[in-house]
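Protein chains: 2
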Amino acid sequence: MAAYRVIILGGGFGGLYAARAMRNAPVELKLIDRRNFHLFQPLLYQVATGSLSPGEICAPLRGILSRQRNTQVLLGEAVDIDPHARTIQLLDGGVFPYDSLIVSTGSQTSYFGKDQWRTWAPSLKSVEEATAIRHKILYAFEAAERETDPAARAAWMTFVIVGGGTTGVELAGALGEIAGRTLKNEFRDIDPKAARILMLDAAPRLLTAYPPDLATDAEESLKHLGVSFRPGVKVVDVDGAGVSIEDEKHQRERIPTKTVLWAGGVNAGTFGRVLAERTHAATDRSGRFMVKPDLTLPGFPEIFVVGDLADIPGPDGNPLPGVAQVAMQGGAYAAKSITARVKGEAHPAAHFHYSDRGDIAVIGRAAAVARIFGWHLHGLLAWLVWLFIHLMYLVQFQNRVLVFIQWGFQYLTFSRGARLITGSAVANSVNPGPTMRNLAEE
Amino acid sequence: MAAYRVIILGGGFGGLYAARAMRNAPVELKLIDRRNFHLFQPLLYQVATGSLSPGEICAPLRGILSRQRNTQVLLGEAVDIDPHARTIQLLDGGVFPYDSLIVSTGSQTSYFGKDQWRTWAPSLKSVEEATAIRHKILYAFEAAERETDPAARAAWMTFVIVGGGTTGVELAGALGEIAGRTLKNEFRDIDPKAARILMLDAAPRLLTAYPPDLATDAEESLKHLGVSFRPGVKVVDVDGAGVSIEDEKHQRERIPTKTVLWAGGVNAGTFGRVLAERTHAATDRSGRFMVKPDLTLPGFPEIFVVGDLADIPGPDGNPLPGVAQVAMQGGAYAAKSITARVKGEAHPAAHFHYSDRGDIAVIGRAAAVARIFGWHLHGLLAWLVWLFIHLMYLVQFQNRVLVFIQWGFQYLTFSRGARLITGSAVANSVNPGPTMRNLAEE
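Here the protein sequences come in this chain order: A and B.
Here the first sequence is numbered in the numbering used here, starting from 1277 and rising by one per residue.
Here the second sequence is numbered in the numbering used here, starting from 1277 and rising by one per residue.
It cannot be assumed that every hint is accurate.
Heads up, the list lumps identical chains together, so a pair's fine if it works in one copy or across two of them.
Stated by the list, open to error - Below are the PhoX-like pairs computed for lysine-lysine, each with C-alpha atoms no more than 25 Å apart in a straight line:
{"id": "1", "residue 1": "K1568", "residue 2": "K1469"}
{"id": "2", "residue 1": "K1306", "residue 2": "K1460"}
{"id": "3", "residue 1": "K1306", "residue 2": "K1469"}
{"id": "4", "residue 1": "K1499", "residue 2": "K1460"}
{"id": "5", "residue 1": "K1306", "residue 2": "K1499"}
{"id": "6", "residue 1": "K1499", "residue 2": "K1510"}
{"id": "7", "residue 1": "K1499", "residue 2": "K1469"}
{"id": "8", "residue 1": "K1612", "residue 2": "K1306"}
{"id": "9", "residue 1": "K1390", "residue 2": "K1525"}
{"id": "10", "residue 1": "K1612", "residue 2": "K1568"}
{"id": "11", "residue 1": "K1619", "residue 2": "K1568"}
Derived by calculation from the structure, the hints in this document are not laboratory data.
With the hints as constraints, model all of the structure from the sequences given.
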């Protein structure tokens, strides 16, 4: 009898946890990703703000899965699917058949159709973008030190963050600490503490996914770090010299700035769109698939969609958020379903049930807000919980220890170890990863 | 009385040690570099081979010098000098006057006039190039796993290192360990141990700067790691499909390979060439300045040249090698000279004297060759000496501890923590650093 072939697309939280859950399953598993590493996305903002190096929050997929003998890791990008013939096509033309498929290719940043803004306002999705943000932030202070014209200097010293969700709050808090503490005494002609850090959102308050009391706490903590928040404003233009915004009364305003960071919305990536076309599956406004309660696509019980790409209704009727927990639990659920099918057993749970453990947003040194099992925490306690959870989940033992030491050192000294201005301030493209195609072109 | 103005160009070993030696001098000091960090160059090959992250071997210049109140760090690239008016011009047009100048802008990789080879054969000068090399090495194994054509797979599995000096030996040794140990069990369709690692040099033996017995030891150790060395061959062409070589009998041979690493010679950088033109100072074949015994240029007692850019005759008549020790001692000597002049005192030593402590090249785990105070060491002992010296010299306390932990972990597990394929396999340009110009263009 031929082996039962499972393909997992994407080595993020959904795909990786699915692969690990199938380590003893009687299947022939291929995990395909266009990157050779798993990225611990929740700490990417620390790379962007010079606290950690990319290597400290990434782990090679091959290394994680090397002992799993039923699994092969392949570097490649899925570009097409034939859901009737049950095959996946990769960018370089390779075609791989499957008996079951788990799609966890994730989301990408949405600029609301204004993709040209990406050049000026990098988002925080890839390692390359995080490095580009780090470049922009650190370079702005360098340029301000060199600049003698007051208006031009003010533009370098103004930082605008678009989006008041978790990522925006974390970036703004880290920026406040860089300006107020890390760079203290390092410049001669500017005072980094005088930097203007502005956070914008169209929503009426910060952190709309959190209870209002925690959002108020967060805004207060950010104010202490020199960050001001403006609710109810829409971005109407971004270019190399500044941001144009519009408030609820349609008043326009121009903010001259050289540094805009994008922490806005997301939509489905390229493969998600192809999948929707080929399967005629329904998607929501953000391109997420309206999956069945068992996370499969209607009419295709062998195709599972997990993670950011799935629209799974939560207890309040809204879709579950695009966070690591949802992806990990979805990946593990899909893996169990497949294993049960191969063994001819019934799945222990016919419906996926998300066990919500809460949310945490960190603001700075010893400051965070958290909703955990129904409790609302803030300040030092929330921060300690955040620290503990993130250390526990970092995939590799080595990274865990190193990150802990980095944090300990930085907590004591206010320094940041990874303050390198390298590469370019513009991450090349939506998919900056190496693929068969772009290497062939080189 | 106006302050005495000192400019240091370049924050490498020469410039940084000069700046630190003047921390209490009654001068107004500007350290200008096109990068915002000091790079611990001797460990760059470990970034290229996935052992360390760039942040772990770099330290922000501002951070190192923040408490030195007489010193200002400026991000900028010197493009011209008027040695009679005593001014330096930066890329964006800023002009800075000096009373004394220390030039420590270093060398750049020489492709013997064939700059087009750079695209296919990155060298190991900058963080960006190290990341590009890491990309190429790791990607080659990924592509070999995907490739089904035997000839194409063999080309991906062949690695050619041009140059048998310290850098070449270190790269080859690390590559041997990656293929033989790190990647063990991680692939399903290829055996990384079967990789062919070839090291070429026009010289008749490895490590010509070392005594012959140590070179023989090194070649032996490399052979154990699967690296073969071919002396007496010249590279005549490099492209995307392979390397063409010619031996001493003018026999040509083509080696199909997708991965060529350049560990060849160096020449003076752009600013070095401008300085030679403006001062009419004599340079040697590699563009290094024939400095006077006090490290100044003939006719310009206020211009010191230190580090890789200076041709200082050694005890055997050959120029001192382009290593950190020479640059550090040169920088400190120039700083003492300037301080003595400002104070109106005589310099304690009218001639620069290099105190040679030896050379070390590391080959792999517990294997190295060293010449220290006249002793010849090899194997574990040489490796322990190497470890101790490098840990001692890493500039920042934090980096030192982290690197030590990384090494300890990797020594025990054969793993490599920083195996990320990021960015591009081609470092953009000779000067990949951010400058006022390229940011303005973006």
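Hint check:
{"no.": "1", "hint": "K1568 x K1469", "result": "neither (51 Å within a copy, 46 Å between copies)"}
{"no.": "2", "hint": "K1306 x K1460", "result": "between (50 Å within a copy, 18 Å between copies)"}
{"no.": "3", "hint": "K1306 x K1469", "result": "between (50 Å within a copy, 22 Å between copies)"}
{"no.": "4", "hint": "K1499 x K1460", "result": "within (18 Å within a copy, 51 Å between copies)"}
{"no.": "5", "hint": "K1306 x K1499", "result": "neither (48 Å within a copy, 35 Å between copies)"}
{"no.": "6", "hint": "K1499 x K1510", "result": "within (21 Å within a copy, 64 Å between copies)"}
{"no.": "7", "hint": "K1499 x K1469", "result": "within (13 Å within a copy, 56 Å between copies)"}
{"no.": "8", "hint": "K1612 x K1306", "result": "within (16 Å within a copy, 63 Å between copies)"}
{"no.": "9", "hint": "K1390 x K1525", "result": "within (23 Å within a copy, 62 Å between copies)"}
{"no.": "10", "hint": "K1612 x K1568", "result": "within (16 Å within a copy, 76 Å between copies)"}
{"no.": "11", "hint": "K1619 x K1568", "result": "within (22 Å within a copy, 82 Å between copies)"}
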